[in-house]
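**Q** Sequence order for the protein chains is P and U. Numbering follows our numbering, with no gaps: position 5 of the first sequence is 11. Numbering follows our numbering, with no gaps: position 80 of the second sequence is 112.
Treat the hints as calculated values from the structure; they're not laboratory data. Only a predicted model underlies this, so the values are computations on that prediction, with no experimental measurement involved. Careful, some of the hints might be misleading.
Straight-line distance between alpha carbons at most 25 Å, and here's what the computed DSS-like set of lysine-lysine pairs gives [what the hints assert, rightly or not]: (1) K76(P) <-> K102(P); (2) K107(P) <-> K89(U); (3) K102(P) <-> K127(U); (4) K127(U) <-> K42(P).
Read off the chains here:
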Amino acid sequence: GEDVEQSLFLSVREGDSSVINCTYTDSSSTYLYWYKQEPGAGLQLLTYIFSNMDMKQDQRLTVLLNKKDKHLSLRIADTQTGDSAIYFCAESRDDKIIFGKGTRLHILP
Amino acid sequence: KAGVTQTPRYLIKTRGQQVTLSCSPISGHRSVSWYQQTPGQGLQFLFEYFSETQRNKGNFPGRFSGRQFSNSRSEMNVSTLELGDSALYLCASSKGQGAYEQYFGPGTRLTVT
Numbered sequence: 007g008e009d010v011e012q013s014l015f016l017s018v019r020e021g022d023s024s025v026i027n028c029t030y031t032d033s034s035s036t037y038l039y040w041y042k043q044e045p046g047a048g049l050q051l052l053t054y055i056f057s058n059m060d061m062k063q064d065q066r067l068t069v070l071l072n073k074k075d076k077h078l079s080l081r082i083a084d085t086q087t088g089d090s091a092i093y094f095c096a097e098s099r100d101d102k103i104i105f106g107k108g109t110r111l112h113i114l115p
Numbered sequence: 033k034a035g036v037t038q039t040p041r042y043l044i045k046t047r048g049q050q051v052t053l054s055c056s057p058i059s060g061h062r063s064v065s066w067y068q069q070t071p072g073q074g075l076q077f078l079f080e081y082f083s084e085t086q087r088n089k090g091n092f093p094g095r096f097s098g099r100q101f102s103n104s105r106s107e108m109n110v111s112t113l114e115l116g117d118s119a120l121y122l123c124a125s126s127k128g129q130g131a132y133e134q135y136f137g138p139g140t141r142l143t144v145t
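Could you build the full structure based on these sequences and the hints that come with them?
**A** See below:
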């Protein structure tokens with residue numbers, strides 16, 4: 007398909023790890039991104055990974071890339087209430103950034 | 033370093049009117065991209081400007097236009113507004129052109145009545 011796909015909702019207990027999954031479409035995408043959007047705000051670039059990498063870790067965030075399956079995931083360790091937001095997966099394609107529809111992460115107490 | 037700023041933050045217009053939105057990129061960034069965000073369609077790319085030239089365009093009608101000034105500030109204009117143009121319009125800036133690290137502003141919420 008032509009779309010970047012991600013599940014719409016994820017509920018996680020506070021303190022647990024959150025894993026948000028995404029499939030992208032263009033095997034030649036150079037960059038793959040994760041953005042975070044809190045209510046009423048713009049998008050915050052959380053992290054990005056070059057297509058020649060398998061993994062990138064940045065504090066509580068771990069990005070895994072499986073190029074063969076065109077699968078990208080974002081793991082948030084020790085999920086906190088402040089992590090409640092919509093998370094967008096995106097790929098670079100034709101010199102543009104193409105976004106998925108976003109995964110709403112809900113934190114359970 | 034100041035982030036991307038967009039003005040105004042909120043706007044209410046009526047059908048048939050036109051609107052101009054403004055975006056000031058991060059200092060030193062020369063590329064500005066515009067996106068439309070709606071609940072139904074998600075985030076859709078409008079266009080990108082680099083060094084005052086439009087270098088990429090999404091699938092939007094000609095009513096949507098933009099420009100970039102020599103100081104990298106950008107404006108987008110929507111003419112003959114339709115109800116479906118109600119959306120959050122986001123601007124993003126980056127140092128280089130194309131799909132690179134883009135940093136977003138808070139957006140302008142446009143409501144068309």
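**Q** A separate judgement is required for each hint: does it hold in the structure or not?
**A** How the hints compare with the structure:
The straight-line distance between the Cα atoms of K76(P) and K102(P) is roughly 18 Å, inside the 25 Å bound, and the hint therefore holds. Proposed proximity of K107(P) and K89(U) is supported: the alpha carbons are some 20 Å apart, at most 25 Å. The hinted pair formed by K102(P) and K127(U) meets the criterion: a straight-line CA distance of about 14 Å does not exceed 25 Å. Between K127(U) and K42(P) the CA atoms are separated by roughly 20 Å; this keeps the pair inside 25 Å, and the hint holds.
The structure meets every hint from the earlier list without exception.
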